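Trainee: Given the coordinates of chain X, work out where chain G should sit on it, guided by the hints.
Protein chains in written order, with numbering that gives the first Met the number 0: chain X, 0 to 758; chain G, 0 to 233.
For the record, the hints were derived by calculation from the structure and aren't laboratory data. The structure displayed is predicted, hence computed values, not measured ones. Don't be surprised by glycine CBs; every beta carbon is placed ideally from N, CA and C. You may find that some hints are simply not true.
Unchecked claim - Some chain G residues near chain X, calculated using beta-carbon distances under 8 Å:
| no. | residue |
| --- | --- |
| 1 | 9 |
| 2 | 11 |
| 3 | 18 |
| 4 | 21 |
| 5 | 25 |
| 6 | 50 |
| 7 | 112 |
| 8 | 113 |
| 9 | 178 |
| 10 | 207 |
Stated by the list, open to error - So these bits of chain G aren't anywhere near chain X, every CB distance computed over 10 Å:
| no. | residue |
| --- | --- |
| 11 | 54 |
| 12 | 61 |
| 13 | 79 |
| 14 | 97 |
| 15 | 101 |
| 16 | 104 |
| 17 | 131 |
| 18 | 135 |
| 19 | 161 |
| 20 | 186 |
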Amino acid sequence: MFDLTPELIARHGLTPDEYADIQRRLGRLPTFEELGVFSAMWSEHCAYKSSRIHFGLLPTTGPHVLLGPGENAGLVAIGPDRQGRQWAAAFKMESHNHPSFLEPVQGAATGVGGILRDVFTMGARPIAILNALRFGAPDHPRTRSLVAGVVQGVGGYGNCIGVPTVGGNCGFDACYDGNILVNAFALGVVPVDRVFKGAATGVGNPVIYVGSATGRDGLHGATMASAAFDATAKDQRPAVQVGDPFQEKLLLEACLELFAEDWLAGIQDMGAAGLTSSAFEMASRAGLGMSLNLNAVPMRAANLTAYELLLSESQERMLLVARRGCEDRVRAVCDKWGLESAVIGSVTDTGRMVCRFDGATVVDVPVAAVVDDAPSYDRPRRPPADLEERRRLDLSDLPDLADPGDLLALMAHPEIASKRWIWQQYDHTVRNGTKVGPGAADAAVIRVHENGARLALAVDCTERYGFADPWACGALAVAEAVRNLSCVGAEPLGLTDCLNFGNPEDPEVMWQLVEAMRGVGDAARALGAPVVSGNVSLYNATAGESILPTPMIAAVGRLPDGVQPVSSGFVSAGDEVWLLGSFRPSLGASRWLHQKRGRHAGRVAEVDLAAEAAVSALVRRLVGDGVARNAHDLSDGGLAVALAECAVAHADRPFAVACQLPEPAQSGGALRVTERLFGETGACVLIGALSGHRALIAQLAAEAGVSSMRLGVVGTQGDEFVLGPLVVPLVALAKAHAQGFEQVVLGGESGGRQPPSQH
Amino acid sequence: MIVAVLQFPGSNCDQDVVHALGTVLGADARLVWHGDAGLPTGTDLVVLPGGFSYGDYLRSGAIAARSPIMVPVRAFAESGGTVLGICNGFQVLTEAGMLPGALLRNAGVQFVCRDVCLRVESQASALTARLQPGSLHVMPVAHREGNYFADEPTLAALEATGRVLLRYADPLTGEASREANPNGSAHGIAAIANKKGNVIGMMPHPERAVDAELGPVGGRVMLEGLLTEVRRRN
Numbered sequence: 000m001f002d003l004t005p006e007l008i009a010r011h012g013l014t015p016d017e018y019a020d021i022q023r024r025l026g027r028l029p030t031f032e033e034l035g036v037f038s039a040m041w042s043e044h045c046a047y048k049s050s051r052i053h054f055g056l057l058p059t060t061g062p063h064v065l066l067g068p069g070e071n072a073g074l075v076a077i078g079p080d081r082q083g084r085q086w087a088a089a090f091k092m093e094s095h096n097h098p099s100f101l102e103p104v105q106g107a108a109t110g111v112g113g114i115l116r117d118v119f120t121m122g123a124r125p126i127a128i129l130n131a132l133r134f135g136a137p138d139h140p141r142t143r144s145l146v147a148g149v150v151q152g153v154g155g156y157g158n159c160i161g162v163p164t165v166g167g168n169c170g171f172d173a174c175y176d177g178n179i180l181v182n183a184f185a186l187g188v189v190p191v192d193r194v195f196k197g198a199a200t201g202v203g204n205p206v207i208y209v210g211s212a213t214g215r216d217g218l219h220g221a222t223m224a225s226a227a228f229d230a231t232a233k234d235q236r237p238a239v240q241v242g243d244p245f246q247e248k249l250l251l252e253a254c255l256e257l258f259a260e261d262w263l264a265g266i267q268d269m270g271a272a273g274l275t276s277s278a279f280e281m282a283s284r285a286g287l288g289m290s291l292n293l294n295a296v297p298m299r300a301a302n303l304t305a306y307e308l309l310l311s312e313s314q315e316r317m318l319l320v321a322r323r324g325c326e327d328r329v330r331a332v333c334d335k336w337g338l339e340s341a342v343i344g345s346v347t348d349t350g351r352m353v354c355r356f357d358g359a360t361v362v363d364v365p366v367a368a369v370v371d372d373a374p375s376y377d378r379p380r381r382p383p384a385d386l387e388e389r390r391r392l393d394l395s396d397l398p399d400l401a402d403p404g405d406l407l408a409l410m411a412h413p414e415i416a417s418k419r420w421i422w423q424q425y426d427h428t429v430r431n432g433t434k435v436g437p438g439a440a441d442a443a444v445i446r447v448h449e450n451g452a453r454l455a456l457a458v459d460c461t462e463r464y465g466f467a468d469p470w471a472c473g474a475l476a477v478a479e480a481v482r483n484l485s486c487v488g489a490e491p492l493g494l495t496d497c498l499n500f501g502n503p504e505d506p507e508v509m510w511q512l513v514e515a516m517r518g519v520g521d522a523a524r525a526l527g528a529p530v531v532s533g534n535v536s537l538y539n540a541t542a543g544e545s546i547l548p549t550p551m552i553a554a555v556g557r558l559p560d561g562v563q564p565v566s567s568g569f570v571s572a573g574d575e576v577w578l579l580g581s582f583r584p585s586l587g588a589s590r591w592l593h594q595k596r597g598r599h600a601g602r603v604a605e606v607d608l609a610a611e612a613a614v615s616a617l618v619r620r621l622v623g624d625g626v627a628r629n630a631h632d633l634s635d636g637g638l639a640v641a642l643a644e645c646a647v648a649h650a651d652r653p654f655a656v657a658c659q660l661p662e663p664a665q666s667g668g669a670l671r672v673t674e675r676l677f678g679e680t681g682a683c684v685l686i687g688a689l690s691g692h693r694a695l696i697a698q699l700a701a702e703a704g705v706s707s708m709r710l711g712v713v714g715t716q717g718d719e720f721v722l723g724p725l726v727v728p729l730v731a732l733a734k735a736h737a738q739g740f741e742q743v744v745l746g747g748e749s750g751g752r753q754p755p756s757q758h
Numbered sequence: 000m001i002v003a004v005l006q007f008p009g010s011n012c013d014q015d016v017v018h019a020l021g022t023v024l025g026a027d028a029r030l031v032w033h034g035d036a037g038l039p040t041g042t043d044l045v046v047l048p049g050g051f052s053y054g055d056y057l058r059s060g061a062i063a064a065r066s067p068i069m070v071p072v073r074a075f076a077e078s079g080g081t082v083l084g085i086c087n088g089f090q091v092l093t094e095a096g097m098l099p100g101a102l103l104r105n106a107g108v109q110f111v112c113r114d115v116c117l118r119v120e121s122q123a124s125a126l127t128a129r130l131q132p133g134s135l136h137v138m139p140v141a142h143r144e145g146n147y148f149a150d151e152p153t154l155a156a157l158e159a160t161g162r163v164l165l166r167y168a169d170p171l172t173g174e175a176s177r178e179a180n181p182n183g184s185a186h187g188i189a190a191i192a193n194k195k196g197n198v199i200g201m202m203p204h205p206e207r208a209v210d211a212e213l214g215p216v217g218g219r220v221m222l223e224g225l226l227t228e229v230r231r232r233n
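Only chain X is shown next, with the shape it has when bound in the complex:
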């Protein structure tokens, strides 16, 4: 048999206290299989044991919310179809950070596969994917292969299954050198009266396993995702799953065919912690028990043990609870799609999970003890000891010049440069519903065939801001995502978050997490965008170094009928350029400062959530009325970069620009030129408009309580970008933006690992 040694328990990621708790609940020693079950279900990944106590910080209800967190995905209302049937969008974002660092292609691919299953489990057909990626420093030796592998993995999965990847973001920071982030978002649509849930209802109903046969891949992935990396990380490779998008496509179509019938009582995908988590969660939601015969599970490896069958994270598998008597019809649909299926058990009224294998009972535990009573910790937290030092901003050693090289270097930085290299590898037009694809506007826009609704999607987070102010980082992630929706004219419906943080047992990281959640919650309330689903990824740390707080936020909005989205970039020479919002930039935590110093310093400009709400509402109005001909918010690199991005959005036909450099809004000491050019701030948006609309814009802005300033004009002639004292040749600017990503990250023709300006 086996010895329940302290080492074995520690290897299962359980603390001595947690193990004592397990014995108390069972009234006996756990079996080896039960130890594995508790290990997975009480992992940070499945139980949110460090974060759950703080979930109340996030608003989860609102006028459009049909279903908040708790199921596989959240649901918002997106209006009726022509027959009057109401439709919903199901969406969620999840991390697949640890597997993607170990094996970038498969890790990223299965991240996409997992989030797609979460969405179609709700009965929804997935229609869009977003991805948010964070890599180490551009010149770190592993960055190049990780970028290539992750992009191949994300693209390979979405392209094959036929769901368009319509947007995303990609950032770089040395804090991710040993722990990259791969956050995948998926959205699907479902009639409100056909939403499926993951509850194992109906005593006596059969439990059916559908999809790939079980192998040994991904054993203990959930536990891996709940521990920090050390030097032996590559030994964990067997814990990474292997994806098969073709199998998932079959599973998707088979499930959608089943959803159209009335044969299912519940359904859940087998994600982290495999069969264990899906069985326990389904039983828990129904308040019932389950009896499983593990020998009936389809297997693709010889001599699998009960322990492995319970905890394998083999991909592309679903657990169905059918209505009694429908199992043959369910299995016939699976057969049609060439999928394995097997009845592996039934729903019971015992409230216990009982698993048998080779004639023996290997698991017999109360469902509630595992799911509802999972540990929840109020971990100690405190601000970083050096917080004051982090917040100090001393620019006295930096020259205050309007240096064209600074703008060129920023435009070529892989975080700001065009991501065409990435998104050209993603099929973003399949399904014939992509109205605004990647790179064209501040948010993607897709049309829902089923009811004609146009949905806008954006995903954002600026982790630099979290270095000295995690509250601002969380708040601005929400604000920027909503601002981006506003720039295409869309009203927010809801948010999903993916909270990527370091080791929660470090009180400073725990403080960052709670501060950032407070920021997300405050901004979500202020901007009317509740959080309907999400994911927490902790232990993003390597060799004791935690990542910067990265509360990634994806926002989903809807364009009012008749509203046409606008691009980020300028559309016509002669248009006038307006800055909307109170201009109070700061170089604290800015991309420019990091570029100069090679490290983070200072605090982002003060966040004003009321101003964010006002600016967003004004921009939606101006886009909706057709006054704003393009719209782009200020973010990384400040006003100079935002304006330059508008100018060179189309690299082959850039627009000259002649604008004045505005004075900051606040009175008192004049800001440095570099601060006005490259300082970053929230609540500011650039638009282009016809000169005939001058008075109208000024009036609407005044009514909205938003400052407005006419900066200049989109050039009718000339080949220069002019912003006050900063003058840059347009061709160089367009080239830096178009080629920066490849040159810096992948080593372009110059072979350069340095920004072009430093050549």
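Mentor: For chain G alone, coordinates are given in the frame of chain X:
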């Protein structure tokens, strides 16, 4: 006008084709399962849609080319019926030997999804019969194996007999150029036909360019022309 849209396991543009030909252009477009032994009675046009049939884990299209439905599709083509393969469908038709040549991995190695501009080279097919020679049409490509290859005698024969239907071209000059070619295909070929002109393969996706609300509609005029021509021929 009955259009049979084949559905292989892993097809993912099947519904887009039904949407374009059925919902947008008004044909009776029906999904036909790969395991079926026959086409619907009265089928006027067969479309093999894009996707990753059988996962494309072997050569793209290789398994689909040997699936049961391809027996009646071959007979339909031999009796003069019009068959259009788009993207993966083109790959299936070459694997089935119904079109010459093969589609190799893109010259750039990576999957490529972007709008391309196509120049009409020949009217010798139902797809192009109603298009102006030399006219330009914009629509997306999305593939990793779209690099058309055939030996020189085959290419010469295709060119000489007007069976190169569409070529990638520069949208400003209308000239075929290296930059305009997204995948390195021989002679910039985007679409070809068989000798009779009734079996057509193309890498770009006309079904994704039929709706003005979403962008360029270069596919709409092409598919409209196809339906009109098939109707006339039948």
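Trainee: Are the hints correct? Go through all of them and say.
Mentor: Against the structure, the hints:
1. 9: Where the cut-off is 8 Å and the nearest Cβ of chain X is about 5 Å from residue 9 of chain G, the hint holds.
2. 11: Cβ of residue 11 of chain G sits 2 Å from chain X, so the hint holds.
3. 18: Nearest chain X Cβ about 6 Å off; hint holds.
4. 21: Given a least distance of 12 Å, the restraint on residue 21 of chain G is violated.
5. 25: With Cβ-Cβ at 16 Å, over 8 Å, it is violated.
6. 50: Check passed: Cβ of residue 50 of chain G comes within 6 Å of chain X, closer than 8 Å.
7. 112: holds, 5 Å
8. 113: Hint on residue 113 of chain G: holds, closest Cβ of chain X at ~6 Å, below 8 Å.
9. 178: violated, 10 Å
10. 207: holds, 5 Å
11. 54: violated, 3 Å
12. 61: holds, 14 Å
13. 79: holds, 30 Å
14. 97: Holds: least Cβ distance 24 Å, greater than 10 Å.
15. 101: At roughly 20 Å from the nearest Cβ of chain X, residue 101 of chain G sits farther out than 10 Å, so the non-interface label holds.
16. 104: holds, 13 Å
17. 131: holds, 25 Å
18. 135: holds, 17 Å
19. 161: holds, 30 Å
20. 186: Residue 186 of chain G clear of chain X: closest Cβ-Cβ about 23 Å, beyond 10 Å.
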